[in-house]
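Use these hints to put chain X onto chain H, whose structure you have.
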Amino acid sequence: MAIARKRSKWRVWRDVIYSLIVREVKTGFGDKLGLSWAVINPIAFIFVLSFVRGRLDGGETYSMPTFVFMAYGLLIFQLFLQTFNACTSSIKRSKPLFAFRQVQPISPVIASGIFEGIVKVVVMAGIALVMYFLTMEIRIDNPLGVIASFINVWLIGIFMGLTFGIAQLYIPELNKFRNMMTRPLFFISGIFFSLRDIPQEYWWLLDWNPLLHATELSRFYSYSSYGKVGVSQIFVFELLLVLVAFSLLFYRATWKGAISR
Amino acid sequence: MINLVNVTKFFPSALGNQYIFKDLNFSIPTDKNVALLGKNGAGKSTLFRLLAASEFPNAGKITSDKTISWPVALTTGIHPAMTGRENTRFIGRINGVADLVEYERRVRSFSELGRKYDLPVGTYSSGMKPRLAFACSIALDFDVYLIDEVTSVGDASFKKKARRALYDRSNNASVIMVSHQTSELRLFCDSAIILDDGKLVYYDELEEAIERYEAL
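Respectively, the protein sequence lines represent chains H and X. Quick note on the UniProt record's numbering: the first sequence kicks off at 1 and runs consecutively. Quick note on the UniProt record's numbering: the second sequence kicks off at 1 and runs consecutively.
These are calculated hints, taken from the structure and not from any lab test. There could be a bad hint or two in this list.
Claimed, not checked - Result set (DSBU-like, lysine-lysine): computed pairs, CA atoms no more than 35 Å apart in a straight line: (1) K116/X - K26/H; (2) K95/H - K116/X; (3) K22/X - K92/H; (4) K160/X - K44/X.
As the structure is a prediction and not an experimental result, all values here were calculated from the model.
Here chain X stands alone, though its shape is the one from the complex:
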């Protein structure tokens, strides 16, 4: 369970505070793969960043006894002047990976970067960087993976591989997923949360949720 207790989140703007959540109380189950549905601007990304503790609510708190990933395939932490290997080590160290050499090996083989793994990320083509980022997060063990449109990473064959890896993970870890492709959600998720107007509603059945969401 991830518990949100009296969570309030707003962004200050020229038009006053823009509230995303006001005194939100909610429990997100972590024994199921959950799809997160919501319109553009409903706050899906904000909720993700809150869950990943990349950002913090203005009031209230979020607690969980599970380990939660950062939004998977997020490339922002990858430094262009460092090599793929150095970036991997950095992420591994921060997350307390016990065996860095083994972690590097996994990331290298999963990302299919080959020799380029030891070149600065700045020299990579645009598809290679997200591949590295995806490999860095999927090679780590988390209880819950936060996935934002992940299968848009790389070319067709890498996409397939990413989907495969994620599917394998989702057997013993759970997934919270944002995607605008319902086929993607149907593949991974069995339940859903609809995010609308600052409120969260949980649906045990994904199909029911998709129906409701499309009627919104």
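One chain only, chain H, in its complex shape:
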């Protein structure tokens, strides 16, 4: 008979998350395109949109190429939205697996988050590769800053997904609300504009949005001549910190009740 090893708690978590990622890779993409679609689709989308926009306005926006300007906006936005959506739905999707004592609701969230993160890294590499072949300039003045922005947004997606995914087990209607809520984000997260295009007296309408901050900051970290106007790295960090604390507390208080539903 198969003997189960005695494992440390860390080892159990590692095994569970690893097998959930494998499961996600194997089941998430049923058709022939499979996993490659998760990479090709965003690359094509970002590329076409950025390229068309770059053509339209002579190619420069506040001293950085419009292509890069747009690409950062779209990358940040997609990183957030897809991580958030995947993490949220992962809890409900994995409900049958909670029958195994080793699997807790946060496990599929971590697995989905890691999976989306890997996909997005490949997407970024793909875009860089295409830019290289088209002999476009690739310039990143502050790589650490860019990485920090992306990780920030990624974590915001994961932890918001955790909270929403659990809350959704209590209130199923939240799912409809979620779609309604994320749609306007496409237009207010600074994908098509910079905050400085907006008159300062209206900034308060937009500058609560961490995605706008992260987008503008990543542009600035890439081309320091772009400058940063009205955005702050500290704001994004603080928001993330509050979000992490809140969602973990919420999770701890509710997960055992949530899986009985």
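Chain X alone, transformed into the frame defined by chain H:
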């Protein structure tokens, strides 16, 4: 021993909280094969899920130094888009099986799926999926197996085989079993717990318990 300490479990409903257990204290022996008797809706399945830690009590806790299976033959964790082998690996990894190849081999031969083992579970006939699920759990070593109407799995010959395997297991592991067929219980169990009105009562003799239960 599986110890239930001040266990309270309820389900919220439109009619207020439906209590299954209120401040329940009980010890379930793990050195014997125990039948779990109770009417429909008495909470047998809920108790099972609590023991398997598939669900958690609203208050109190359940402790044990034994390893307890998930409800055997539960097919919910099996994904239709993955092959039998992939599903086996998934369950094996989660449970920390040391030798996955050997585990796969056992599951494959026990489930009698043959070449279909490497096809997606979605293409299986309705009897094959529970067979896979049963094989996945019986090929793992647990101290306590939770069995819910297990011998309803598959056709007559597989049933016989399942019963045989379970019987072999029950020599060095113990079994907690729910079944509406008393012949089944008599085959595996020597003692019983009657679950009625949120209370558990332990009987050392299965026959005595069945008598009491039928008088309920």
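Under the criterion that the straight-line Cα-Cα distance not exceed 35 Å, is the pair K160/X, K44/X satisfied?
Satisfied, since the Cα-Cα distance of roughly 25 Å is no more than 35 Å.
Given the hint that K22/X pairs with K92/H, test it: the Cα-Cα distance must not exceed 35 Å.
Given that 35 Å is the threshold and the Cα spacing comes to 29 Å, the pair holds.
Run the distance test for K116/X versus K26/H: straight-line Cα separation, threshold 35 Å.
18 Å, holds
Check the hint pairing K95/H with K116/X against an upper bound of 35 Å on the C-alpha distance.
27 Å, holds
Comparing the model with each numbered hint stated earlier shows that all of them hold.
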